[in-house]
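Chemist: Here are the chains, one letter per residue:
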Amino acid sequence: MIARRPGAGFTIITNQEIYPDHYLMELRREGAGFDASPGQFVNVLAAGGVTDPLLRVPLGIHRIRKNGIALFYKVVGKATGILSRKRKGDPLDILGPLGRGFYPETGEKEEKKINVLVAGGHGAAPLYALAQREREKGKEVAVFLGASTKKHIVLSREFRQLGCRVKTATEDGSAGRKGYVTCLLEDLLKQKNGEFAVYSCGPTPMLARLAELAAEKGIRARVSVDTYMACGTGVCRGCAIMTREGYKLSCTDGPVFYSDEIVWEEKLKGCGE
Amino acid sequence: MTDLTVRIAGKNFKNPVWAASGTFGCGEELERFVDLRNIGAIVTKTVTLGEREGNPPPRVIETASGLLNSVGLENKGAEWFVKNKYPFLKQCGTNVVVSFAAFTPGEWVKCAEILTDGDFPDAFEINLSCPNVSYGAARGLVAQDKRAVEKVLRAVKAVTRVPLIAKLTPNVTDIGEIAVRAESSGADAVAVANTFQGVAVDAETMKPYFKRVVAGLSGPAIKPLALKAVMDAYRQVKVPVVGIGGIMTGIDAAEFMLCGAAAVEVGTATLRDPCSCSRVLEELQEYLKTKGVKKARELTGRAAKQKGLPRAISKNRKRNVI
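Residue numbers (my numbering), protein chains in the order written: chain A, 1 to 273; chain B, 1 to 322.
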């Protein structure tokens, strides 16, 4: 069911800074359920009754529960700043679930594959819902988390608690492997044979490099793209991304695409070591 | 019961709150969120003769109480639209206004011919004012050149009996003058107005944010400017004015009507909340009730007729304004 009207029955249960500048917001929905799939997003109205910020903030669904969802967001601007000051018991106007998630709609079997989740910064947020779903199915999940420095690595504890194997990479070498998070994938693909199901979310240059690595191994990775979005419903056509079939919309055709669908422009080079 | 009906361009509309072009798709996209029957009219995303892939991203950025866009009329072309969207639009439960734009007089005519299907749609919104594409050698907007406005409207009028609503740009010295020319060239109504041209710059990279540099500003930030444009047009033409520009609430809609709008279009508000049109209508109804106004159409122009306003340019002048 779609949450339609302001409020739409979502109430904040917790809203805590669990990593520096990164908040975990748990929401409960009264009444109707919320049938979301990992990789889908919600468009959140940070402040009703004011026109600045004017539009909603798209946030990947971080956790999917029977009676609600959780969001994990980084405070980057006005709207996320307002969100961070919300308290337990406050209602939240949510539109969603929106978009297409990590699981392809045409039933490609991923059963025997080893799940590898590659996250850049807070791109880890929607991957958590996927990891959760895969762990519930008893599948092995490897998670690669990347950031510029150690203090920007997020959700490592939470992924470990799910029983995922977590590796980290930092650009300055302050935690884990020195270099970009894509280098962890590069290492893995070099060393290990096997069938991998690769999922990723993070900045575009990172996804572009990941797409390149995946292509070399003949892997069609599922990547959640990061584009500026306005409506989230497909009407404004603002979040266009170039694909091999022309422009598609991140909000309704994505945000998750196959890595080989996208025409990538700028990509990370090498390992940034 | 408040009478919400309005008559525009010879057609009856169930209410004066319409969904603005480019913010509502063709209605189908928002069906899961909105009861389309509550919308006064759906103004479709602008169609062009051929398919257009639109401008390269980024295409949108939020500004203080506003939104800059540079979408560039992305659409699949008139024939595709008739084949794939008309069946839905004809049974969507409300009035339909099809917006289209073209780049040469021949294209305008061809587009109008393809899109005219008997008495359908209820009206055409002639988009003379998209800020994100260029027309002709001057690279300006049609609605910045009254001769071009006349040429397009006369050409389209000659090939269709569907009423024409000329959508004008506010990026002119005197929108009233352009509205007058639109009226005398066959427009059955004028839509005032499209987005204001604006620029966003990325201070980090020191470059313009949009590849085309100039984009179109919409949202509450432009409301006072749009109200003036509506008033200017209303005081110079006899045909109805459809008011557009940053309407977020029923009171905003009422203000546009008071300035002379016979109907309004809600645009950017829909991008914030797909249900905005219905909410604006509910709030407008509440306002009318509070004010004891029995018919929505009685609001039109009340604030534009007040004494003490600068004298309106006489309607008689319109034939002399060239």
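Possibly wrong hints are sitting among the right ones.
Claimed, not checked - Here are a few chain B residues that face chain A, going by a calculated C-beta distance under 7 Å:
1. T23
2. G25
3. E29
4. E31
5. L36
6. P58
7. S65
8. V71
9. K76
10. F103
11. P105
12. L271
13. P274
Claimed, not checked - Here are the simulated EDC-like cross-link-like pairs (lysine to aspartate or glutamate), alpha carbons at most 16 Å apart as the crow flies:
14. B/K211 with A/E30
15. A/K248 with B/E53
16. B/K76 with A/E245
17. A/K66 with A/D90
These are computed hints drawn from the structure, not numbers from a lab. A virtual CB, placed ideally from N, CA and C, is assigned to each residue, including glycine.
Chemist: Any of the earlier hints contradicted here, and which numbers?
Modeler: 4, 5, 9, 10, 11, 14, 17
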